[in-house]
Each structure stands twice: as C-alpha cells, then as structure tokens.
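Asks: Starting from the known structure of chain X, fit chains D, G and Y onto it as the hints suggest.
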Amino acid sequence: MHHFKRLAASTAVVLCASGALAQDSITVAIQLEPPNLDPTSGAAQAIDSVLYANVFEGLTRFDADGAIIRGLAQSWDISEDGLTYTFNLAAGVTFHDGTTMDAEDVKFSLDRARAEDSTNAQKALFADIAEVTVIDPLIVQVTLSQPNGMFLFNMAWGDAVIVAPESIDTIATNPVGTGPFTFADWVQGDRLELTRNENYWGAAPALESATFRFISDPTAAFAAMMAEDVDVFVGFPAPENLPQFEADPRFQVLNGNTEGETILAMNNKVAPFDNPLVRRAVTHAIDRQAIIDGAMFGQGTPIGTHFAPHNPDYVDLLANSQFDPALSRSLLAEAGLADGFTTTLKLPPPSYARRGGEIIASQLREVGIETEITNLEWAQWIEEVFTNKDFGLSIVSHTEPMDINIYANPDYYFQYDNADFRAVLDELNATTDPAGRSALLAQAQTIISEDYVNAYLFQLGVATVARAEITGLWVNQPTAAVDLTGVSWGN
Amino acid sequence: MSRNLIIGAGLTAFFTGLAALSFLWTPYNIEVLDIPNRLLTPGGAHVLGTDHFGRDILSMVMMGARTSIAVALVAVGIGMGLGVPLGLWAAARRGSLLDDLIMRGNDLVFAFPSLVIAILITAVFGPSAINAIIAIGIFNIPVFARLTRGAALPLWERDFILAARVSGKGAARISVEHILPNIANLMIVQGTIQFSLGILAEAALSYIGLGAQPPTASWGRMLADAQTLVSIAPHVALIPGFAILLTVLGLNLLGDGLRDWLDPRLRVVRT
Amino acid sequence: MTLLTIKDLSVQIGGTPVLQGIDLDMAAGQITAITGESGSGKSMTALATMGLLPQGAVAQGQILLDGTDILQTPEPALCRMRGNAMGMVFQEPMTALNPVQTIGAQVAETILIHEQVTKAEAHARAAAMLERVGLKVAPTRYPHELSGGQRQRVVIAMAIAMRPKLLIADEPTTALDVTTQARILDLLQGLVDEFGMGLLLITHDLAVVADVADRIAVMQHGRIVEEGATPDLLRAMRHPYTRALFAASARAVDLPPVPTDAPLLAVRNVVRDYPTKRLSLFGPRPTFRALNNVSLTINRGERVGLVGESGCGKSTLTRAILGLEPVQGGTITVDDAPVSQGDHALRRKMQVVFQDPYGSFNPRHRVDRLITEPFHLLDNPPKGEDRAKAIAKALKDVGLPPDAAGKYIHEFSGGQRQRLAIARALIVEPDLIIFDEAVSALDVSVRAQVLDLIADLCRKRPLAYLFISHDLSVVRSITDRVLVMQAGKIVESGVTETVFANPQHPYTQSLIAAAPQLPELAYAADAL
Amino acid sequence: MIRFALGRLASLTASLIVASIVIFAVVEVIPGDPAAFMLGVNARPDTIAALRAEMGLDEPLVSRYAAWVGGMVQGNFGVSWTYKTPVATLIADRIWVSLPLAIYALTLSTLVAFPAGIYAASRRGGAGDTAIMGATQLGVAIPNFWFAMILVLIFAINLRWFSAGGFPGWADPWAALKALTLPAIALALPQAAILARVMRSSLLDMLGEDFIRTARAKGLTRRQALWRHALRNALIPVLTIIGLQFSFLLAGAIIIEQVFFLPGLGRLIFQAISARDLIVVESVVMLLVFTVIMVNFIVDLTYAAVDPRLRARA
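Protein chains in written order, with our numbering: chain X, 1 to 491; chain D, 492 to 762; chain G, 763 to 1290; chain Y, 1291 to 1604.
By construction, these hints were calculated from the structure, which means they are not laboratory data.
Fair warning: this is a prediction, and the values are worked out from it, not measured in the lab.
Every residue gets a Cβ at the ideal spot worked out from N, C-alpha and C, and that includes glycine.
Don't take every hint at face value.
[Stated by the list, open to error] Sample of chain D residues at the chain G side, in silico, Cβ under 10 Å:
id, residue
1, Phe-651
2, Gly-659
3, Lys-660
4, Ser-722
[Said to hold, decoys possible] Covered stretches of chain X (in silico footprint by chain D; criterion: 3 or more residues with CB under 8 Å from a CB of chain D, positions within the stretch not fixed):
id, stretch
5, 238 to 244
6, 364 to 376
[Unchecked claim] In silico lysine to aspartate or glutamate, EDC-like type, Cα no more than 16 Å apart, as pairs:
id, chain 1, residue 1, chain 2, residue 2
7, X, Lys-389, Y, Asp-1323
8, Y, Lys-1374, X, Asp-169
9, D, Lys-660, G, Glu-1087
10, X, Lys-123, Y, Asp-1336
11, G, Lys-1111, G, Asp-1141
12, D, Lys-660, G, Asp-994
13, D, Lys-660, G, Asp-1141
Bound conformation, chain X alone (with noise of 0.2 Å):
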C-alpha cells in the first residue's frame, strides 16, 4: 500500500508527553493547513507560517518586531535616483538538494515572479523591476523602472523567497529552499516534518527537528494543548481559553500584535455610505471596546486609523470616532435618515467577523440601523464583496505589513477615490528617508481617519501558547510566520 512505503521511509517521530526526551525537537501548532508548499504561487498565509525563514529564504528578510534585516544579500547599494539596487550575496549557500545559490538563481526568481503568466499571489511587489542583472556569482542588480522606497521591504515578503530553477517543479509537494531547515514529510491533513539542514550557511538553529500540526476547531486547540499533545500553539484561536493557560505553571501565553488592521468596511460608492456624514454616524455607533471584550475576550488594541499601532509612525487618532449614540443619532438625522435605515452585512468565517459581527449589528441597532447578517466562506466573500462590491457593510481583517495603500486604489472593495490622498501616497513612494517618509505616513493616517472610510475597530491580535521552558519565540507576527530559527528548550 503506498501509504505503508511512504510511512516505513520516514523517521517515526515518537510523540511522548514529556519533554525530558525530545529536547532537541519540538511540536507546533498552527491554525489552517498549508494547501501546498510553494511559498511564491498561493496566497494561502499558512505555507509562509510554516516555510518562512524555516526553509526559504528571500534577500531580505523581516526581524521579530517587525524590521527589515539582511537576509541572503549580505549587503546592498541603491543608486542615487533610487532606480538601481546592487545586492551582495552570501558566499558558499547551498539549496537543500545541494545545488549552489547564487545571482542566476535570484534573477530567475525574481523574473519568474513577475513573468507575464505568474501566478505569483503579490505580483504587485515585483511591478516596478525592469531589470535583473548578474554582474558576478554574487553580486546581482536590479533596476526599477520608478523609484520605490518599499523595495527592500517588498523583497522580504514570503512570495519573494528565492527558488532554483532545478526544483521548481516539484516544489508544491517537496519544496526546496536555502534555510535552517529541510523538509522532511508532509502526511496531508495531519502534521508536516522538517529536520534541520546539517550544512546551513549561517548560525546552526537549536532545535534537530520540529512537526508541524493543524488545529483549526477551538476545543480541540484547547484539548491539544491541556493534554500535552502539542508545545507551541502559534495564534490560539480560542482566546476565551487563555487566562488558564496563564494561570497553569507549565504554559507561558505570549500576547502579540498581527499586521492586520481589522475594519468595519463600508461601501463608499453606495447610498447611504457614499454620505460621509453617514459613514460618521456609524463609526460613532460602535463600541471598540466591547467588541474587543465580546469578540476576541479583551485580545486587541483599538486604533483610529487603517494602521498598525505597533509601527513606530502609527498616529493616534482614536479621538476622530469616540463612542457616541447620541452625536451617531444626530448625524443620521442631520443626513436625514433619522429613522435609520437597513443595509447587509457579509461575514466571512474568521471568530472576530462571526462573533464581532453580532455585536456589531447589535450596537448599530441601537441607533437605527438594521443590518441583515450572511455568513459567507471566504470563496464567497471575494466573490461578493472583494469582486463585485455587492455588499452595504463587511468585517474583515487586511493582515498583509503596510497595507495603507489600498485606500489610494479606487477601485478597491469599499471603493474609496481621493485625489489628494493618493497625491501623498505617490510622494511617500518616491521618498527614502525616515524622517519624510513617517510625516506624509501620519497625513495620510490622518486624511482617511477623518474621511471615515471605513470604521477602524482593532488591530487583530495574536496569542500564542507555548510550554514554559521554550525560548525564542516571536511575540509578533510581523508577517505571517513561526520562525524556529532562534527557538530552544529552556537554556
């Protein structure tokens, strides 16, 4: 039986509760399963949770709180227009199946990512390269066609990871990258083995190997976790949970922020949302708090604006939409609405839309406005709401770093067209250095906070439960991934 062949190959992993044997390896959990593992054609967060930084590796790459620090290029040099980026590799890398690294092999990622028949999920990052040049085995350049101060912060994300020519093909089932760590087997549905790759051109990682498990159902994380069947849940989905694991001496809770800004979306092109006065109305109708309590069991930080409050330019603006039914019931009159109105509000399946939905429609109740709930799946969502903007409100969560130029795409879901918002985010583009760069992110902030677009509710946060003794882990998510390069029991 071909499952008995594939099994008898594979080390067997013997699962034992206590971590007195298996010091060196290690038990993840995560929520969603990987549905392939290529890293640069799905937009599936999951395959970068497992293989970011594990087993692939891009030019650059993010650091736990968030930064942009080398990754395969050692060092860089960016011209003095901003157009052309000279990147020197890191010497003696090899990919997993031995083959060597070098310029040849990020030239083709690079051009693979932004051929014309990609099916690179960010294809976008890579629109503005003209050029990928080898000057020598390790020295590559790449030239723009418009200044873009977020290359290098493109370059890190986990759909810029570079791959070989030679293992291209395979590498949905048996990827092949330069990281710490190999993959080793992948029983669809259950769990996924790495082990670490003996012959890493940097710092060795403390952990010989690590399986990857996939929980998706609230009880069962929890189960897993009390029964000792798993040592790190990264993004526990039942928060309601953690203040026992807290309470527990053989568990730490690290309570982190994601990069996802989750808003109260409106549809800016329909009536009555195209009123801004209504789009006011709303946002003064919505209690952050209790939704953070209600939703999410007090996990999430409030924000004013479409951005991460963890990012040191973040602009607190939570004055612009204070909860207030009164001035919201004022505002609809004012719009001449005073007795409300109804409109749909899609869901897709995420807690914090299902359950923040109902107290959302709640709260929107209380000042007149009936909202009729759908629950979609996420196919269904795109399909509606991101597609064809068939939709009065929707809840969801943006999770991709620096997504604030979304608002400068009019023909985005909650369809939101302004000039001047778009004249400072082309500025913010040409612009490189810090100081330009983090005034025109907070007018930015400012413009589309006091637009009302959306109602920005809370910055999604993530939890991760892990054993005590384990160290290393990131608090953060950044980007979407379970870095184990730093990781260890105890020492």
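Replies: What follows is chains D, G and Y alone, placed relative to chain X:
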C-alpha cells in the same frame, strides 16, 4: 395511554409551548448584548445563566426551540408532502417501469451521504434556515416514499380494494379513499420519528455553521459557540445539549406511544 | 387403560373464562375428535394438554397423561415430554416450518433434543420418518419449495419422530384441498394403528369427524355439551346444539325454477397467461397458463357453480370476468357487449362477494359509505333522501337493522359482514353476482343462514350468480348447473344433480370420492 | 445467483452514472471562483486568469465532466488544485482513517446492540427490557457531536487517558487504535441504540411466528427456540440496518472528525468545499456514493446467503 405516550407528549408539548411562548414573551431580549455580565452561572436574575455575549440562556433556548421545531417540522412536511404521493403512485403502478424508477431514485438519494449533500446545498445557496430545511427535507422524501409504498403494496391485494376496483374506481381515487386512511397511522408514527431526526440534523448543521444565521437563535449554534467555554463555563454548553436531547427524546417516546395507541396490534407472544 | 384423562379442566385468560369444567378420557390407539364452532375452546383444550397455554392463562383441574399431571409438571420436565411423549400438528402448514432451515434438519432436531445420538444418525432417522409419512422429496429441500400438503407431512413427521404416545392434531387439514385432506387423514389413521398412539383430532368439519373419529366430543362456549362413541352420538344426538350443528351442515336449500334461458354472460375460449421468472437472460419470458381456453355461458337468473381445488384458476376466472385483469385470448361478453375497464354501464350488471369477511371492507369507513360504493358506477347516483332509502332497503333485504348504517365494520360478526357484502353487491341491482368462496370462512350454522338468504333473494327477483367454492356439499345445495375445473381447464359441466350422482370425468370422480360424506340422518331435515 | 448479481450490477452502473451527473452539476454550481480564492485579495486579474487557464476552469462543462469521469474509470481522480497532489493519494491517506473508524464504530455498535436487543426481546416487558429500551431512547436522542465534546472533556482533558484528537498514523497500530477510540465511541452510541431497537423488534416479530410454536411443541425450551430458530430469521432486517449504518458511518463522521481533528474523508470534503477545491469534492463524494451502493449490493447478496427463499428467486 402508555407511559411512553404521556412522557413523550409532555416533553413535546413543553418545548413546543416554549417555542410558541417565545413569539410573545421571553425573559430578556436576545438581540441586546450585555458583555460585562456574560457567562453568569444559572440562578439569580438569569435562571439558566448567560452566554458569551451576556444574553440570557433561557431566552436563547426558547428562541432556539422555535427555529429547531420550525425547521424540523417543515422538513418533515416536505418529506411527507412529496414522499407519500410518490409512494402511493409507485404502489398503484406496482411492477411497472415507473415503480422501478421511483424505487431506483429512492435508493440513489439514500446513497448520497446526507450531511455532505446538506453542506453542498448550503455552500451553493448560502447557509440559512431555509436551506437547512431543504437539505433535511430532501432526505426525508425517500424515507416516506419507501414507507408508503411498503405499506400500500399489501393493501392492493386486499379484497376491499378489489371491490373498489369492481365499482369502477381508478387507481388514484382508490389510493386516496382507501389506501391513505389505512396507512395514516404509520405516517403519524414515522412522522414523529423523522421530526426528531430533523431536530438532530438541524442541530448538526447549525453546529458546523450552516443552519439558521444570527440573529436568529439556534441550539446547534449555541453549542458551537459554547464549545470553547466548556472548561470555564460548562453550563453554556450543557444546557442547549440537554434541550436537544429532551426534545428528541420526547418526540421518540411520543412516536412509540402513538404506535401502540393507534394500532394496538397486540403482539401476543407464543409461550 | 386410559392414555389421557382430563378432569374438571378450566382456563381463564386475563379474567375471562375460556374453558369451564372439561372432562375427557382417551385410550391409546383410539381417535377422539373434538368439534364445535370457532371460539368454542377446542384449540385451547389442545394447547392446555401440551402445556403451551399463552402467557397470562390460568388453568385449574387435572390433565393426566399416562399418570403424570401436565398442569403440575415444571417447565423443564414438560419440555422433555413435548415431542417425546406427546406431539402436536397445527392448522397452517405454510407458516409452521422454519423457512431458513432444511426440512431434514427440522425433523432431526426433535430426535437430537430428546436422545443422545450423533447428528448423522438423527438425520438418517429423520429421512426414514419423512419416507414413512409419504414424502418423496429430498430432506435437504427448504419449506418454501414444498406444497401445503407436503409441508403438513413434514410437520407430522416432526411430531411423531419420537413415536409419542399421544398425537394432537389441531385442524390439520382445514387449509388443504379436498383430495390432499383425504390423503392426510388416511396417513394419520395409518400412523395411529401402526404406532398404537392416541390421536386427539380437533376440527370444525363434521363430515371429517363422522368419517374418521372413534369418539366425538362436541364443545360450545368452553364446555363439552355432549361426548360419546361416534355411532351412538350420531344416532342419539341428545343435546339440541349437536343436532342443530349436524343439521346445518347437511342443509339443502330449495331454489326457485330458472325463469328464462336468455344468455347473459358468455365466456368463449379465454386464455390467461402469467409471466413467471425469467430463466435465461435473453430468451422470451416463460409463462404459466392459468386459464386454458375456458368457455362457459350463464343465462339470466341461472345459478351456476364452479368447483375446483385451490390453484386451478377459479379466482383468475373471476377477475377476468370482472374485467380486473386482461386476457390473452378469447372473449368475455355480458349481453353481447365485451367487458372492459372503463365501461360503467356494463360493469353495473356484475358485482362480486369475496371470501374473507374481515378483508372485504375498509375498516376506516362507516357501513353506509361502504355499501354505497358501487353507486360510483351509476351516472346519477341517488342523493340525500333517496340514498338513505336505498341504504335502508339494502340492509333490510339482507336481514340487518337499519341502524347498522352508522356503525363501523369491526362491530359486526363474520356472518353479518357477508350479509353486508351481499347488500353492497345488490345495491345497484346487478344481473349477475359472483360468489368467490363467499361462505368458506363461515361457521356451519352461519353458513346455512347465508345460503338461505341467497335463496330468498333469488325468489324476490331473477338473479343469476356464479358460485365458486372448493366445498362440494355447498355447491351441490345452491346451484342448478355445475362446472368442474382442473389446472385452468373445465373438465366437466352439467346439471348439478346428474354430475354429483354419476361423475363422468375421472378427476370429478376422485373429487367426489375424497369429500367426506355426512351419513344420511333420519330427522336432520326438521331440526331447524 | 449470478443472474441476480448481473441484474443488480446493471442497475448499479445506471445509478452511478446518474449520481455522477448530479454531483458534477451541484458542485459546478457552487459560487466562488477557486482561482480567486487561492490567489487572495491582492491578486491581480491577470494572475487569476492565468491560474484559471492552468486549472482548466475555462473549458466547457461537458468536456470537463468527460475528463473527470474518464479519469475516474481508470482510477485517476485528477490532481487537487489546492493540495497540488493527485486526489487518489489524498483519498488513500484519508481512507486509512475513515474506513478503520467506520469499522471500529460498527463493531462496537454491533457488540453492544446484539446482546442488548436479544436480552430485551427474551424478557419482553420485564425490568431488563424497560431499562434497555430506556437506554436506547437516550442513545438515539443524544446528539453525537455533543456527546463527543463531553467525552473529550472527561477522558482527554481531565483524565488524560486518551489524546484529545489527531491521528498518529498506522506506524504504531496501538496508538492509532487508541486515537480512534473516543471518536468510535461517539459514533457508535446512536448506531448501537438504533440497532438494538431493530434487533429487539425483529426478534419479537419472529417469536410471534407459527414455527416458534412448532419448535416449542417439539420440546425446545423458550431459550432454545429463540437462539435456534428466531434469531437467524431475525437477522435479515438487522443486516439491512447494519449495511445502512456502515455507509452512514463512512460519510457521516464529518462532525466527529472535526471535533477530534482526524484527517478523514469527511473533513477532507468539508475543507475542500470551503477551499472550492472542486475536483476533490466531486471525486470524494463520488467515491462515497460508490461505496454506499457497493455496500447495499453486498448486503443484498448476503440476504440470499441467509434466506434460502431469496436464493431460489435469485
């Protein structure tokens, strides 16, 4: 009036009463959330405590009763409404191609895994109470069709049917005037059993999020929401479970009681 | 020496008395018959003797079999006696055998239960016993592959496998044809002589009793009203109930003369084939010829009988005449018009009365709706007042009170239901009625009343009927002309008396010979 | 017997064809474009179009149906869009969870139901009978996902006798069986209740038959009559129920697989539907329908083995 009948009728009346009462009055309005005092244990202001949104669980159970009973009732209605005529028709044309076709069709619908198809239907038309009704209803049709045909076939050989044929009555007229009244008891009994299965199916569908959508309450979804709280506030998960259990138990006992009361074929067991 | 002594036996079930003060003695090698109408307690006496009373039955008195009192014997000991010291044969052979076990195994089981023998030996003895009861079929066959008569032989073989001292037979031949019945009775008599065992025969058929039994006990409402050696009892018949019983079963009915000989129903060489199971996947489906070019004519007001064993095609002919089933050949006409499904005017001329009084009425409808069902055939059926009048008249014609109209069928006895069936048939004043085994399910006394009713109706207005039955004595008393049918063919027909007096066709001769005859009773006629 | 089998096979193939058409039609109608879903919110229209072409979604319905059925007949169910692995291997892995779970649950249910049903029938109306009937009423009424939740709470979290879920693979059969125990119990409960009731009523019907009275007249005790004659006849309707239950267990365990996060066929379908991986949905549902029809066919054949009357007609 056997013991089963009394207990069954009592339980069923209690829950249908709850459902009916919920139209007029519920202790608290379940649409108002009260996050600060959520997960209160039963007793005091809230007889059965409050759920994770601070809503009164008793009111939720009452509103949930309305959904569950309505969905199951209409689903059984669909099953009977289409299944019984099909069964009668197949029996009237016993042995013909039509009879074969109906029976093959029944086997085919039975072959489909009911839950999977329910998920497919709700995936296609979106989750809602109506789609749950359709999904459950479809799988009731073959049950009634097969039962009706099975009960009607032997009747067609009986003399009083031949007498009716001698009086020139057509197959359709005979099916309605003679066959249907004589299998009515069977329908009532099977109806209650399918009703209880309908409640379980509705609970299963809403448990995986495909039944009635908020703000309408449903026992299955109460269970799903309360699942993660089972270790901190067990009552939130236990109470809806018991509500489903007692309603289904009531209906099954009612079914058994009716079976004995309506056609007391006293099964005298030989020594 | 007496084999069996029943002393003052009485049995109650749930408080209602079923048997009261039964006293009966039986000697070995002797056939004692218990007769009486249904519900008289005959079977209960048999079951009490076997210790197989239903749950909840309370029995007092004594049943001594060879000195041991059955009522006091504990269950395990009783089990050792059943099948060993006493055996029992039941009425319904079709359901008396385990359908999923071979007949050899079922007979061998009796031996294996009572004796420490090897399986092979038990099977050998079983095969021998099956041979002895005249069964020429392999013991490895299954019950469904055998006819009713053959299955009854297997039941008998099982009962006597251990050569019991007492054999009880509860209506052993009621469900069988006349010819098979005769052969089974001969078998039982042979076994009694050969094994020297006592046979307690229970039957409601007085002719069988008179023919076979050494002693007779007549039971009514749970009591033995009269008991004695057969010749003395037949001659003396001290108890009025005994006399009434014998008189009713020998009843001759006087019919008015046939008015005209205008033809009414004409059946000309009708052929009816039933498709049987397909043997080869592609060849034509083999068929079973139920009616093999049958021809008969019935004139207006003429009473014709049709006699034959079960399975000879009687019911098929009825359904064909009524137009309920298509025919593959020949024609059926009433007043020269062909019978077809839709033609109401023609169908109004024919009605039918079935055998099973309990099955011929819809239990959910009231009597008035039941008997007016044929109005469906009339173009403008009587409504309101006329309808009520028609119902009252129909009920009166069959001797039932007008208030019967409001009742449900389960409130009537078997005899009353047959009267209602006749009322239903007469309500549209048909020219021809088909009686399909209409009185076979009735007790002797009730049967006599129904036959008298039919005779009165003929006197009131000319009424032709086709009387179908397997019971020769009934047909003889109620018809002018008779047809004898065998395997789908009419083998003989003629005036009833001449056919019964000297039958021409060998089959008819064997039929008449097999039917048990009631001895000519001097004063039977004036008893009623 | 062969002719019976051939006849049934012909009608089976007809039903399978009709089933495949119905499944394909229902699945194709699901709204939500798989390609758009896979590429996420930031994907550009041209990348989505490129992926649709790669997945062959733009070809006419009929040719896609023909390709799917054609492949299935040769055992190649096509390649899953999201998992990028052949559907056949996906199913092969998952069937090694769903099939043993179904068999395990069925054995548990039968081992409990048979003695209970027989005991209740032999002591009809007695205390034992009422108790068992009461228990079966409860068994049928308990929603099995709620029961599963309680099992996990007690045995996995508090007592830690069993793992809370997951499936360690058959490398260590003992651990695998242990992992399947709680789910099997949760699945077996309602089935055992139903089977016990059917066994009891079928046995009571048989005990009312004439051939039992004949057996008693031959000298068999009540117990012997029940075991030697009534039981075998009572098995026939019970067989049907077991056949139905097996096919239900195979596909109906979706929720239990969800609660115990077992990588079974049910969960595969559920995830495939939400990920709009239509090829997987179509193939797995078709496989389930095929298994159910095969199980019914086998049950029919065993009928003939158990009941000689059918053997003759077959």
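Asks: Quickly compare the C-alpha distance for Lys-660(D) and Glu-1087(G) to 16 Å and report which way the hint goes.
Replies: 15 Å, holds
Asks: Taking 16 Å as the top limit, are the C-alpha atoms of Lys-389(X) and Asp-1323(Y) close enough?
Replies: 15 Å, holds
Asks: How about Phe-651(D): closest beta carbon in chain G under 10 Å, or not?
Replies: 5 Å, holds
Asks: Has the stretch 364 to 376 of chain X got at least three residues whose CB is nearer than 8 Å to a CB belonging to chain D?
Replies: holds (count 5)
Asks: Taking the closest Cβ pair, is Gly-659(D) under 10 Å from chain G?
Replies: OK, holds: Gly-659(D) within 10 Å of chain G, min 5 Å.
Asks: With a cut-off of 10 Å on the beta carbons, see whether Lys-660(D) makes it to chain G.
Replies: 6 Å, holds
Asks: For the hint on Ser-722(D), does the least C-beta distance to chain G fall short of 10 Å?
Replies: It is violated, given that the least Cβ distance between Ser-722(D) and chain G is near 53 Å, above 10 Å.
Asks: Would the pair Lys-660(D) and Asp-1141(G) pass a check requiring their Cα atoms to be no farther apart than 16 Å?
Replies: 13 Å, holds
Asks: Would the pair Lys-660(D) and Asp-994(G) pass a check requiring their Cα atoms to be no farther apart than 16 Å?
Replies: 56 Å, violated
Asks: How does the stretch 238 to 244 of chain X fare against chain D when you require at least three residues with a CB closer than 8 Å, holds or violated?
Replies: It holds: at least three residues are needed, and the stretch 238 to 244 of chain X offers 5 whose Cβ sits within less than 8 Å of chain D.
Asks: Does Asp-1336(Y) sit within 16 Å of Lys-123(X), going by the straight-line distance between their CA atoms?
Replies: 10 Å, holds
Asks: Next pair to validate is Lys-1374(Y) with Asp-169(X); report whether the Cα-Cα distance is within 16 Å.
Replies: 11 Å, holds
The structure fails to meet hints 4 and 12 from the earlier list, while all remaining hints are met.
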